[in-house]
Amino acid sequence: MNEIVLQIECVNHWFNHSKTDRTKYKIDANYILYDINLQIKPGEIISLVGPSGCGKSTLLRAITGTHPPKSGRIILNIEDRSTQVTRPSRDIGIVYQQYSLLYFLTAQKSVALGLKLDKTTISQRMNLWKWLPLRKKHLIESAELLSKVKLEHAVNLYPDEMSGGMRQRVALAQALIMKPKILLLDEPFGALDEATRSELRTNLRKDIKSNTQKECSVIIVTHELDEAIYVGDRVVGLSQHWDWRSKGFKSCPGATIVYNKPSPVFGPNNIQDFEAFMNQKKEIQVALKGVSNG
Amino acid sequence: MICQPIKYYQRAIIAVCSILLIVLFYTYLSRRQHQINPDDTTIPTWAQLAKGVQQVVTPNYRSGERWLIVDLKATGTRLAIGLGISIIGAIIIGLLMGCIAHVESFFIPIFCLCSIPPTAVLAVFFVLVDTDIKLYVLMIAFGILPSMTTNICSAIKEIPAEFIYKSYTLGGSHMEAIWNIVFRYVLPNIINSVKTQMGPALIYLIAAEMLCSNNGIGFRVRLESHKTRMDIVYPYLIMLASFSLTVDYFLKKLRDLLCPRYIKK
Numbered sequence: 668m669n670e671i672v673l674q675i676e677c678v679n680h681w682f683n684h685s686k687t688d689r690t691k692y693k694i695d696a697n698y699i700l701y702d703i704n705l706q707i708k709p710g711e712i713i714s715l716v717g718p719s720g721c722g723k724s725t726l727l728r729a730i731t732g733t734h735p736p737k738s739g740r741i742i743l744n745i746e747d748r749s750t751q752v753t754r755p756s757r758d759i760g761i762v763y764q765q766y767s768l769l770y771f772l773t774a775q776k777s778v779a780l781g782l783k784l785d786k787t788t789i790s791q792r793m794n795l796w797k798w799l800p801l802r803k804k805h806l807i808e809s810a811e812l813l814s815k816v817k818l819e820h821a822v823n824l825y826p827d828e829m830s831g832g833m834r835q836r837v838a839l840a841q842a843l844i845m846k847p848k849i850l851l852l853d854e855p856f857g858a859l860d861e862a863t864r865s866e867l868r869t870n871l872r873k874d875i876k877s878n879t880q881k882e883c884s885v886i887i888v889t890h891e892l893d894e895a896i897y898v899g900d901r902v903v904g905l906s907q908h909w910d911w912r913s914k915g916f917k918s919c920p921g922a923t924i925v926y927n928k929p930s931p932v933f934g935p936n937n938i939q940d941f942e943a944f945m946n947q948k949k950e951i952q953v954a955l956k957g958v959s960n961g
Numbered sequence: 018m019i020c021q022p023i024k025y026y027q028r029a030i031i032a033v034c035s036i037l038l039i040v041l042f043y044t045y046l047s048r049r050q051h052q053i054n055p056d057d058t059t060i061p062t063w064a065q066l067a068k069g070v071q072q073v074v075t076p077n078y079r080s081g082e083r084w085l086i087v088d089l090k091a092t093g094t095r096l097a098i099g100l101g102i103s104i105i106g107a108i109i110i111g112l113l114m115g116c117i118a119h120v121e122s123f124f125i126p127i128f129c130l131c132s133i134p135p136t137a138v139l140a141v142f143f144v145l146v147d148t149d150i151k152l153y154v155l156m157i158a159f160g161i162l163p164s165m166t167t168n169i170c171s172a173i174k175e176i177p178a179e180f181i182y183k184s185y186t187l188g189g190s191h192m193e194a195i196w197n198i199v200f201r202y203v204l205p206n207i208i209n210s211v212k213t214q215m216g217p218a219l220i221y222l223i224a225a226e227m228l229c230s231n232n233g234i235g236f237r238v239r240l241e242s243h244k245t246r247m248d249i250v251y252p253y254l255i256m257l258a259s260f261s262l263t264v265d266y267f268l269k270k271l272r273d274l275l276c277p278r279y280i281k282k
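The listed protein sequences correspond, in order, to chains R and E. Numbered according to our numbering, the first sequence spans residues 668 to 961. Numbered according to our numbering, the second sequence spans residues 18 to 282.
Keep in mind that the hints were calculated from the coordinates and are not lab data. Accuracy of the hints is not assured; some may be wrong.
To be verified - Partial selection, computed: residues in chain R whose CB lies under 10 Å from chain E: (1) Pro709; (2) Pro735; (3) Lys783; (4) Trp796; (5) Lys797; (6) Trp798; (7) Lys817; (8) Pro847.
Just so you know, even glycine gets a beta-carbon here, dropped at the ideal spot from N, CA and C.
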């Protein structure tokens, strides 16, 4: 097994590409990401933090493959096979901020959607004799996963009948059923109230660790530092307020990684070191605030 | 309070009252007209109307055919074929236009041409396809296909991109994303679009029948209007209105059946 499952190499992203030479980096105010380098190990949970508008979601979209970076590479290493991420694939799952559950599917069918799309084709589904028993199997599998995330009572509920927390868990189950190598969570607690956030934050690690293969790595995008330290094995800080003037740039070339350190793990069997927690929080705050712009 | 729903029975009573009001107003107009001219047929009495209905449902003494059956068969066939082709065409082109930018770029100029009212292009259709069924199908398709297609295309554009991206991360292909996500998502919009285009489809068909047909509802309405036989024209118009209402009702039921979560959304 590879020691690095996801490798982000010199990733740059900008909006106004027509004015920019792709071979030489033109320092432009439209840069979003600048020289992002990151390596993620199998089974690691990474918390990606940063101020609003710093490009966290852009980086996530680049990793998903829906919006590949303008320069640099994102390499996915699976079973001694390295592929550059240029399009979305079933190996990288995502849970969006608004959960993106289809309004016409129940929780059970939403979770089973991945199995349907991944394991069968349209022509195979035309053969009802084969498809219907398989569909039944998919639905059972989906119901089992929903019961694991404590939603056994909600299998037949539609998204508009569920609370924010329930929707979040359905979206998580939808991604987990695919057993992805990388799971991306874009502000998974963003739309929830504080009480639900706190409850789900506690359960998220457990849900992910118990329902995925050990080598599934997770990237959680958040702007909440407490959440980042609490959930992640490692905190990665992204900020546009880094010391870019010392490098001779006329304007800020975009956000880059300003912090990358392991965080105290708040698992059920770990000693909860709140002093280390507070120290790390301060350290991240200083890093994100930056030196020159601070 | 404004924007508040009312009870079902209240709604029914108000609807019945509105129909009664129309009936009463018509009766008053008819009576007044017949006081001026007892042989008047422009606003026929209820008895004259009943006689007119009887005439269209009984076999004609010359041809032996029932006008109503002949006209309904002719108009119904034209409408069914025209609508069928337009709906299937609009779904296919609309889905492709909404999902593939190249197809959208290709069809935009063509649909700009289709903004000409079909009745104005009737002479061109007449030259191209003569006056057989193809003319009416073409009229309906030319009239409603572009707007239905653009409605479907706009509905697709409103689907949040995350749904499509997610389907790829769940192992879906482009075709599966179109079929399982996009089509299912916009299905209520497609049915709504058919509902709204039923009226224009009937208008174009009736107009074409009025101008160049020797059977059908449009032909009969024009012919009997020339003879001021409104005792025949009015029942035909009521029948058209009833047909539109029935189709509208069934399309709504179909939408509720196929997309039960649509209203909640």
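Structure-based check of each hint:
no.: 1; hint: Pro709; result: violated, 19 Å
no.: 2; hint: Pro735; result: violated, 13 Å
no.: 3; hint: Lys783; result: holds, 8 Å
no.: 4; hint: Trp796; result: violated, 21 Å
no.: 5; hint: Lys797; result: violated, 17 Å
no.: 6; hint: Trp798; result: violated, 13 Å
no.: 7; hint: Lys817; result: violated, 22 Å
no.: 8; hint: Pro847; result: holds, 8 Å
Checked against the numbered hints above, the structure violates hints 1, 2, 4, 5, 6, 7; every other hint is satisfied.
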